[in-house]
Amino acid sequence: MTLLDAHLVASLGAFRLDVALTADAGEVVALLGPNGAGKTTALRVLAGLHPIAGGHIRLGGTPIEGAPPHARRIGVVFQDYLLFPHLTALDNVAFGPRCQGIRRAEARRRAGDWLARMGLADSARAKPRQLSGGQAQRVALARALAPQPTLLLLDEPLAALDARTRLDTRAHLRRHLAGHPGVTILVTHDPVDAMILADRIVIVEQGRVVQTGDAATVTRQPRTDYVARLVGLNLYRGHGAGHAVALTGGLTLTTADVVDGQAFVAFPPSAVALHPHAPTGSPRNTWPATVDGVERHGDHIRVHLTGPVETAADITPAAAADLDLALGRQLWAAVKAAETRAYPASG
Amino acid sequence: MRGASSAPTGRIPVALALPAAAGLTFLVLPLVGLLTRTPWSDLPARLAAPGVLDALRLSLGTATAATVVSVILGVPLAWLLARSSFPGRRVVRALVTLPLVLPPVVGGVALLLVFGRRGLLGGWLENAFGVTVPFSTTAVVLAEAFVAMPFLVISVEGALRAADARYEEAAATLGATPWTAFRRITLPLVLPGLAAGTVLCWARALGEFGATITFAGNFPGRTQTMPLAVYLALESDPAAAIVLSLLLLVVSVAILAGLRERWMSVP
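Line order of the protein sequences matches chains A and B.
Under the working numbering, think of the first position of the first sequence as 378, with each following residue one higher.
Under the working numbering, think of the first position of the second sequence as 155, with each following residue one higher.
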C-alpha cells in the first residue's frame with residue numbers, strides 16, 4: 378500500500394528541487410546523492426520546514442503539503458540531533474507525547490519504555506551534553522519515534538559519529554527502522570548506509586532523481602558517473618548493436634550481454650589488465666592508455682588512465698612493479714568481454 | 155605551544171594595567187567618599203526618621219512593578235525583533251532603543267504629553283475611567299518602565315539571536331505549536347539572557363530620576379522614590395542625603411548579589 382506519495386518542487390536561491398517520491402508502509406527509502414544535491418532540502422520540504430513551491434505530499438491519502446510541521450504526524454532525526462539541551466534524555470523523548478496532550482506521568486512512562494528499547498534506561502536522567510555521540514543518536518531516534526509518526530525522516534543519521542560508533546549504531550538503526558510501521562525516508566551521502574539501512578535507494582543529483590532501485594540493481598547497473606564512482610565501477614555510455622557497444626570516445630567494446638540502442642557498459646577496475654605492449658590473444662577489448670595517476674587502494678594499486686576513455690584499473694603491487702608506472706607512461710588496457718555488463722540507458 | 159586564550163603567564167601589559175587601575179579607582183572612589191562621610195554615630199536614628207522607609211518601600215515596589223511590566227511587554231517585543239521579519243523592523247529596533255539615548259527628563263515630558271490632562275490619551279482616560287495618571291504612583295511605574303524596558307529588550311533579543319532557532323524547528327516536528335515551542339524550548343534556552351536583562355532593567359528602574367520627577371512629581375509617600383529623596387535632602391540636610399544614598403547602595407548590592415547567586419550562576 379502506498380503510504381507516501383510526494384512530488385516535491387522547491388527552490389533554494391538559484392537551486393531548484395524537483396523530486397517525485399513514493400513509499401509503501403514499512404518501507405525504508407534512502408535518498409542518496411552528493412553534497413548539494415538537494416537531499417536535505419527534500420527532507421525539509423517533507424517536514425514542512427521549507428516551503429513547497431509546487432507538487433504535493435499525500436500521507437495515507439491525506440494532502441499535508443499545506444499543513445504546518447506540528448500537524449504532519451512526522452518524526453525527524455536531525456543530522457546534529459538537536460536534542461533540547463535543558464531537558465533530560467527522558468524529557469526530550471517525552472516532549473512529543475506531551476505535545477499530543479498526554480499527561481506528564483504517562484508521557485514519561487512511554488519515554489522510559491522507548492529509552493529502554495534503545496538500551497539507554499540508565500541514561501534517562503542525563504542531559505544531552507553528558508551523552509556520547511552514539512547515545513545522543515539513539516535518544517534522537519527515540520524522541521522522533523515516541524509520538525508514533527507515520528513518516529519518519531532521518532538526515533544523515535550517522536554522519537556525526539566516529540567510525541567505530543558508526544558501525545554499532547548502523548546495526549542498531551537498521552533493527553529499529555525495520556520495526557517502524559510507517560514510511561522511513563533516510564538522507565545520506567554514504568552508499569554503505571543507504572545499502573544497509575534502506576529497502577530502496579533513490580539517487581538524487583542536482584535536484585533530480587537519476588536512478589531508483591534496490592541496492593543490488595543500483596550497484597550492478599549504475600546510470601551516472603556519480604553512482605558508478607560510489608560503487609567503484611568504470612561506466613561508459615554508448616550505442617549498442619548486438620555484442621558491440623560503440624562508446625562516445627570512439628572505442629568499441631565487445632560485451633557478453635546483448636544490447637541495442639543507447640546503452641551503458643560497466644566493469645570493475647579489477648577486470649582491467651595492463652600490458653606494456655599491445656597484447657595478442659584472447660581479450661578482444663584493448664586500447665592504448667596513458668597513466669594519469671597512481672594510488673594505493675587497500676592491498677592493491679589503483680591506476681587512473683586516460684586515452685579514448687578514462688579508466689580506473691586495480692592491479693597487484695607486483696604487477697605495478699613490472700610495469701614501471703610513471704606518470705604519462707603509455708600502456709595497453711584490456712578487459713574480457715565476460716567481465717563487462719551492458720544494459721539499456723533508457724528505463 | 156600555548157594558545158592565545160590560555161591561562162596568563164603572569165605578566166599583564168602595562169598599557170592595559172595602568173588604565174585598568176585608573177578605571178577601577180574612578181569607579182570605587184565615589185563609594186569610598188560616601189562611606190567616609192557617612193555619619194555612623196547617628197545612623198540608626200536617621201534611618202528611623204519618618205519618610206525614609208516609605209521612600210525605600212516605594213522605590214523597591216515601583217522598580218519591581220516596572221520590571222514586571224517590562225518583562226510582560228518586552229519579551230514578546232524582543233521575540234518579534236529576533237525571530238520574525240516584517241517591513242520596517244530596523245526602524246522598530248531603533249525606536250525601541252530610543253529611550254536609552256533620550257535624556258530621561260525629555261522622556262518625562264513626552265509621557266506628560268501623552269498621559270497629561272490635555273495629552274493624547276490622558277483626556278480620554280480621565281473622561282472614560284476617571285483615571286488621572288500624572289503625579290501618581292502609576293506614573294512612577296510608567297516613567298521607570300519607559301526608561302528601563304529597552305535594557306530588557308536588547309538583552310533578551312541578543313539571547314534569542316544567539317539561541318539556535320532550529321530547536322524550535324525540532325519542537326515543531328514533534329508536534330509543538332509555535333506557542334508551546336516558545337514556552338517550553340525557547341524561553342528556557344534564553345533564561346540566562348532574560349535574567350540578566352531583568353536585573354539590568356530593575357537596576358535602571360531603581361535609579362530612575364529625571365523622567366520620574368518630571369512625569370510623577372515629588373510627593374512623599376506617593377511618588378518620592380529614593381533618588382528623589384536623596385536629591386531633595388541634598389539641599390536641606392546633606393547628611394541625610396548621604397544616609398539615604400548609603401541605604402540605596404546597600405539594598406541594591408544585596409539584591410543584585412542575591413539574584414546573581416540564584417539566577418546567574420552557570421551550571
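Calculated directly from the structure, the hints in this document are not laboratory data.
Just so you know, these numbers come straight off a predicted model, no measurement behind them.
Warning: the hint list may mix true and false statements.
Unchecked claim - Label pairs and their calculated CB-CB ranges:
| no. | chain 1 | residue 1 | chain 2 | residue 2 | range |
| --- | --- | --- | --- | --- | --- |
| 1 | B | Ser-238 | A | His-674 | 49 to 55 Å |
| 2 | A | Arg-541 | B | Leu-252 | 54 to 60 Å |
| 3 | B | Gly-284 | A | Pro-440 | 43 to 49 Å |
| 4 | A | Gly-438 | B | Val-255 | 58 to 64 Å |
To be verified - Partner residues are not named here, just some residues of chain A that face chain B (Cβ under 8 Å, in silico):
| no. | residue |
| --- | --- |
| 5 | Leu-389 |
| 6 | Phe-392 |
| 7 | Ile-429 |
| 8 | Pro-446 |
| 9 | His-447 |
| 10 | Val-453 |
| 11 | His-463 |
Virtual Cβ for every residue (Gly too), placed ideally from N, Cα, C.
Now the hints, each set against the structure:
1. B:Ser-238 with A:His-674: 49 to 55 Å: holds, 53 Å
2. A:Arg-541 with B:Leu-252: 54 to 60 Å: Hint holds: Cβ distance 57 Å, inside 54 to 60 Å.
3. B:Gly-284 with A:Pro-440: 43 to 49 Å: violated, 56 Å
4. A:Gly-438 with B:Val-255: 58 to 64 Å: holds, 59 Å
5. Leu-389: This hint is violated: A:Leu-389 lies away from chain B, its Cβ roughly 16 Å from the closest one there, beyond 8 Å.
6. Phe-392: violated, 20 Å
7. Ile-429: Not OK, violated: A:Ile-429 not within 8 Å of chain B, min 16 Å.
8. Pro-446: holds, 4 Å
9. His-447: Check passed: Cβ of A:His-447 comes within 5 Å of chain B, closer than 8 Å.
10. Val-453: holds, 4 Å
11. His-463: holds, 5 Å
Comparing the model with each earlier hint shows violations of hints 3, 5, 6, 7; every other hint is respected.
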